[in-house]
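K.L.:
In case you want the letters, here they are:
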Amino acid sequence: MADSDQQGQFHQEVSLLDVSGIETGYDDLQILWNVGINVRRGERVIVLGANGAGKTTLLKALVGLLPAWKGAIHLNGEAVQGMRIDRRISRGVSYLSEVGVVAGLTIEENLRIGGYHLASGAVRSQMAVMYDFFPDLRARRREAAASLSGGQRKMLAVAKALMSRPQLVIMDEPSAGLSPLFVSEVISMVNRFHGEGISFLVAEQNVKFLEIADRVYVLDAGRMIFSGTVEELHKNDALERAYFGVYG
Amino acid sequence: MRKNKLSNAIILVGLAILFILAPLLYPNQSVPFQMMAYMALAQGINLLYGFTGYLPFGYVGFFGSGAYGVSVLVLLLHWSVIPAVIGGGLVAVAVALLLSPLLRLSGAYFSIGSLAASEIVYYIVSNPNMQNITQGPYGVNLAGVYAPNTSYYAMLVILLIFTAVVMYVKNSTFGMSLLAIKEDPVSAAMCGVNVVRNRVVIWLASAFAAGLAGAVYGWYVSVFYPSSVFDLTISIFAIVFTLFGGGGTVLGPIVGTIVLYGLYNTIGVSSPQYFQLIYGLLIVVLVMFLPQGLTSLLKRRGINVP
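These protein sequence lines are chains G and V, in that order.
The working numbering applies: residue 10 is where the first sequence begins, and numbers increase by one.
The working numbering applies: residue 96 is where the second sequence begins, and numbers increase by one.
So here's chain G without its partners, still in its complex pose (with noise of 0.2 Å):
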């Protein structure tokens, strides 16, 4: 026992995604400055900033969308910066931007190209795993990706985002055009999918999601202005200098 409890925060302190002194922009536009965030494994990471702070910028270096200037990214320990988005998908790393989905292909086609590096039996099982997780997508997996509506994309964007089983989910702005009741149902998959042992990192605006942060981070003007836990965020002002968009 007293073994697997040492494992286990072992686990805790061996970083899956370690970050650090990140800068980068577009074209002469520079919009991080010695950004450093890091992911432990089986963490829920949050990253929140009001809009413009920087979030989606830093999820595209992080991912490879974006070259970084400056920095260092570790991926279970392997520096990654300069490595195709592929190669760093393949490494566990599942990525679920603001669009999500491929529209022109049906739902169940695109939790297929979810699952691109598996092979067809583990596609298969992963699948039946959505499809219970997710009955309204297994009665219409033969319907395209487009004729669902906002909410359902979203659903089927997180299904395509852990068909590959990642170790690592990062995730941008899931509650952008969702009402509550589907900002709670994707909060409860996170902490659905965090219990079978995958990690999160979520940028948000929506200040609901720090009811499953392990961690948080909060980003402000391209700067992270703090790091800590949930608890640590409350005692801190740096939530009432960045702007979040919602209000407690």
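Quick caveat, the hints were computed from the structure, so don't treat them as lab data.
Here the structure is a predicted model, which is why all the values come from computation and not from measurement.
We treat Cβ as the ideally placed atom computed from N, Cα and C, and that holds for glycine.
Among the clues, some could well be false.
Derived DEER-like restraints, expressed as beta-carbon distance ranges [what the hints assert, rightly or not]:
(1) V:A104 x G:D36: 52 to 58 Å
(2) V:L171 x G:A128: 54 to 60 Å
(3) G:R133 x V:G202: 33 to 39 Å
(4) V:F384 x G:D36: 53 to 59 Å
(5) G:A131 x V:L113: 39 to 45 Å
(6) V:G202 x G:A128: 33 to 39 Å
(7) G:A148 x V:A242: 57 to 63 Å
Dock chain V against the given chain G, drawing on the hints supplied.
P.N.:
Frame of chain G, contents of chain V only:
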């Protein structure tokens, strides 16, 4: 899935029977031969356009490269004809590899870029200074390996192979990744799809289809000129046949070629003065009312088109 396999098998067997019987029923063997050649080209374009959205106006460049590839390998290097045909296909693949930076372009820019590239290949091949290798503008004579019947069946084999390739791509994860790339390359990349590699693979496969078809065409006709195997009309016909039938399906390019090439050989021969008019009208009607091609009529009725 089983239904798909059955319909695919029916299409392959149907094509084989059609073109094995055609020379027995139709006195002029070159008509079904050319129909097969266009069908193979249309399937090659289908691989590229149907699954990635790239429309290569300069597709004939690969066809001509294949034809000249076989001639150089037979006349200069004295290869026997079957390996030379495969070599001709590989010459087209090599040309495609050189031209793969074109895939950085999209839409009309890619189409025009590919057209310009095929013109470059044409001018290199037809350059009088290339006479020692390609015979320059003076044409090629492969009379030593002339074998119309064997080359006829070689074209049938190529058609069947590339129809089967389209079937594979359509039903594979690879094909689905191409469709995802066509729709949203970033989203596809975020699923771990290697966007650049997959695009290049299908580009090379498409060029191989045209190269092999060109190589067998060169073997079949045995005497040809740069202007005849790099003729832009070949690209246009193959593209129109694909679009008319419906890209991204196995059946579309086959139906498109049978209908339009059939029409070309009936109206085009009997009443050539009306041919362009009827052809033009058909294409206008198609673009306006059936932009996804004839097979989309079936899809609209919920019928699964292979």
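K.L.:
Now tell me, hint by hint, if it's right for this structure.
P.N.:
Outcome of the hint check:
no.	hint	in the structure
1	V:A104 x G:D36: 52 to 58 Å	holds, 54 Å
2	V:L171 x G:A128: 54 to 60 Å	violated, 47 Å
3	G:R133 x V:G202: 33 to 39 Å	holds, 37 Å
4	V:F384 x G:D36: 53 to 59 Å	violated, 44 Å
5	G:A131 x V:L113: 39 to 45 Å	holds, 41 Å
6	V:G202 x G:A128: 33 to 39 Å	holds, 36 Å
7	G:A148 x V:A242: 57 to 63 Å	holds, 58 Å
The structure is inconsistent with the numbered hints 2 and 4, although it conforms to all the rest.
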